[in-house]
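**Student:** In case you want the letters, here they are:
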Amino acid sequence: MPWRHILDWFRNLFGGRKTFSLGLYGNVNTGKSTLANRISKDWTGEEMSAVSEIPHETRTVIKKEKVRIKAGGRELTMNILDMPGIATKVDYRDFVPYGMSVSAAQQRAKEATKGVIEAIKWLEHVDVALVVMDSCEDPYTQVNLTILGNLEARDIPVIIVANKIDKKDSKPDKIKAAFPQHEVVEISALKGDNIHRLYEVLGRKAR
Amino acid sequence: MSVRIEFLSANVLAPMSSDEKVEFILKSVRKDTILVLEESLSREEEKTLITQTMKSITADFPGIEVSTLGPGYDDLRSRLIKLLGGRVGGLTVVGPSNLVKQVKRDPDKIRLLAGK
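Chain order of the listed sequences is G and E.
Heads up, the first sequence is in this note's numbering, so the first residue is 1 and it goes up one at a time.
Heads up, the second sequence is in this note's numbering, so the first residue is 1 and it goes up one at a time.
Watch out, some of these pointers could steer you wrong.
[Said to hold, decoys possible] The calculated DSBU-like cross-link candidates involving lysine-lysine, where the alpha carbons are at most 30 Å apart (straight line), are:
id, chain 1, residue 1, chain 2, residue 2
1, E, Lys109, G, Lys176
2, E, Lys101, G, Lys121
3, E, Lys27, G, Lys167
4, G, Lys41, G, Lys66
5, G, Lys168, G, Lys191
6, E, Lys109, G, Lys110
7, G, Lys174, E, Lys101
8, G, Lys121, E, Lys116
9, G, Lys168, E, Lys55
10, E, Lys27, G, Lys63
11, G, Lys121, E, Lys27
No lab work stands behind these hints, which were simulated from the structure alone.
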């Protein structure tokens with residue numbers, strides 16, 4: 001949208017944006033919180049989110065404010081927003097095999113639905129978005145398409161993160177082929193592989 | 001086991017507002033119906049559909065599976081066509097997740113696996 005560019009131009013004219021918000025979006029269990037922890041630990045020395053193999057571990061937006069990074073020859077200050085995974089279904093029965101009681105699973109499902117709504121609300125309020133995809137999974141999910149479509153409609157800079165490249169069945173090329181209009185950075189948030197490349201791209205994309 | 005599938009012409013949805021469209025979809029899907037719509041939803045409608053689905057979730061209705069093909073109505077060309085009363089086309093398949101086991105987009109084809 002042109003008004004966004006005009007606003008950016010004014011911000012640059014008067015000394016630039018002080019802090020930008022970085023939203024981590026994606027399907028459930030793509031490694032958003034692992035990546036948020038990696039970024040936070042690299043620049044502040046401490047992690048910010050809990051991670052779990054049980055889906056919907058992040059059920060509210062987790063914020064880490066005023067994180068200063070050096071990227072692409074620039075110094076940037078950002079607020080990292082680790083979003084709950086977006087889903088079109090939340091079934092409490094999916095949590096029970098992980099050893100949860102039915103009532104605990106139902107409570108988790110209730111919180112997860114609220115988390116999805118909160119993440120969707122935030123789509124309009126981030127300055128840069130990392131759309132995190134599991135490179136072992138099919139990228140053509142409706143959630144990915146809806147997230148990208150809404151970010152594109154608001155002209156919000158997007159970096160697609162093809163995560164989990166340390167896994168044997170990782171196919172990041174499928175993500176590149178699916179979304180050729182976006183820059184795709186292949187990383188392993190867990191191992192830290194290629195994370196410096198993500199910071200370079202972030203330095204370029206952050207307005 | 002029988003599965004109810006409704007194929008809807010774009011004319012059925014044309015007079016509806018976005019909110020009415022989402023309400024209509026969810027009402028049908030909650031009655032164990034798989035809908036095939038002769039249009040793609042806009043990105044805003046997709047977002048509203050997910051939000052309203054989350055608000056509707058119960059033990060008996062754990063959510064939806066949805067897939068859309070088409071332009072998504074948000075580009076200028078599509079908006080102009082719509083404004084002039086034309087149709088941009090596309091396709092939307094949506095059903096209850098306890099009935100639709102899997103929806104895969106391929107990317108110009110939707111494959112759906114349903115069953116109880």
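**Student:** Just to be careful, I want the Cα atoms of lysine 121(G) and lysine 116(E) compared with a cutoff of 30 Å; is the pair within it?
**Tutor:** violated (33 Å)
**Student:** Starting from lysine 168(G), check that the Cα of lysine 191(G) is at most 30 Å away, please.
**Tutor:** The given pair, whose Cα atoms are some 14 Å apart, holds under the 30 Å limit.
**Student:** Run the distance test for lysine 121(G) versus lysine 27(E): straight-line Cα separation, threshold 30 Å.
**Tutor:** holds (23 Å)
**Student:** Check whether the Cα positions of lysine 27(E) and lysine 167(G) lie no farther apart than 30 Å.
**Tutor:** violated (41 Å)
**Student:** Given the hint that lysine 27(E) pairs with lysine 63(G), does the C-alpha gap stay at or below 30 Å?
**Tutor:** Violated. Lysine 27(E) to lysine 63(G) sits at ~36 Å, over the 30 Å cutoff.
**Student:** For the pair supplied as a hint, lysine 101(E) and lysine 121(G), is the alpha-carbon distance within the 30 Å limit?
**Tutor:** holds (28 Å)
**Student:** Take the C-alpha atoms of lysine 109(E) and lysine 110(G), compute the straight-line distance between them, and say whether it is at most 30 Å.
**Tutor:** Violated. Lysine 109(E) to lysine 110(G) sits at ~33 Å, over the 30 Å cutoff.
**Student:** If you draw a straight line from the CA of lysine 174(G) to the CA of lysine 101(E), is it 30 Å or shorter?
**Tutor:** Holds. Lysine 174(G) to lysine 101(E) sits at ~23 Å (cutoff 30 Å).
**Student:** Between the alpha carbons of lysine 168(G) and lysine 55(E), is the straight-line distance 30 Å or under?
**Tutor:** violated (38 Å)
**Student:** Sort out whether lysine 176(G) lies within 30 Å of lysine 109(E), counting only the CA atoms.
**Tutor:** holds (19 Å)
**Student:** So if I understand the rule, the pair passes when the alpha-carbon distance is 30 Å or less; does lysine 41(G) with lysine 66(G) pass?
**Tutor:** holds (13 Å)
Hint violations for this structure: numbers 3, 6, 8, 9 and 10, all remaining hints satisfied.
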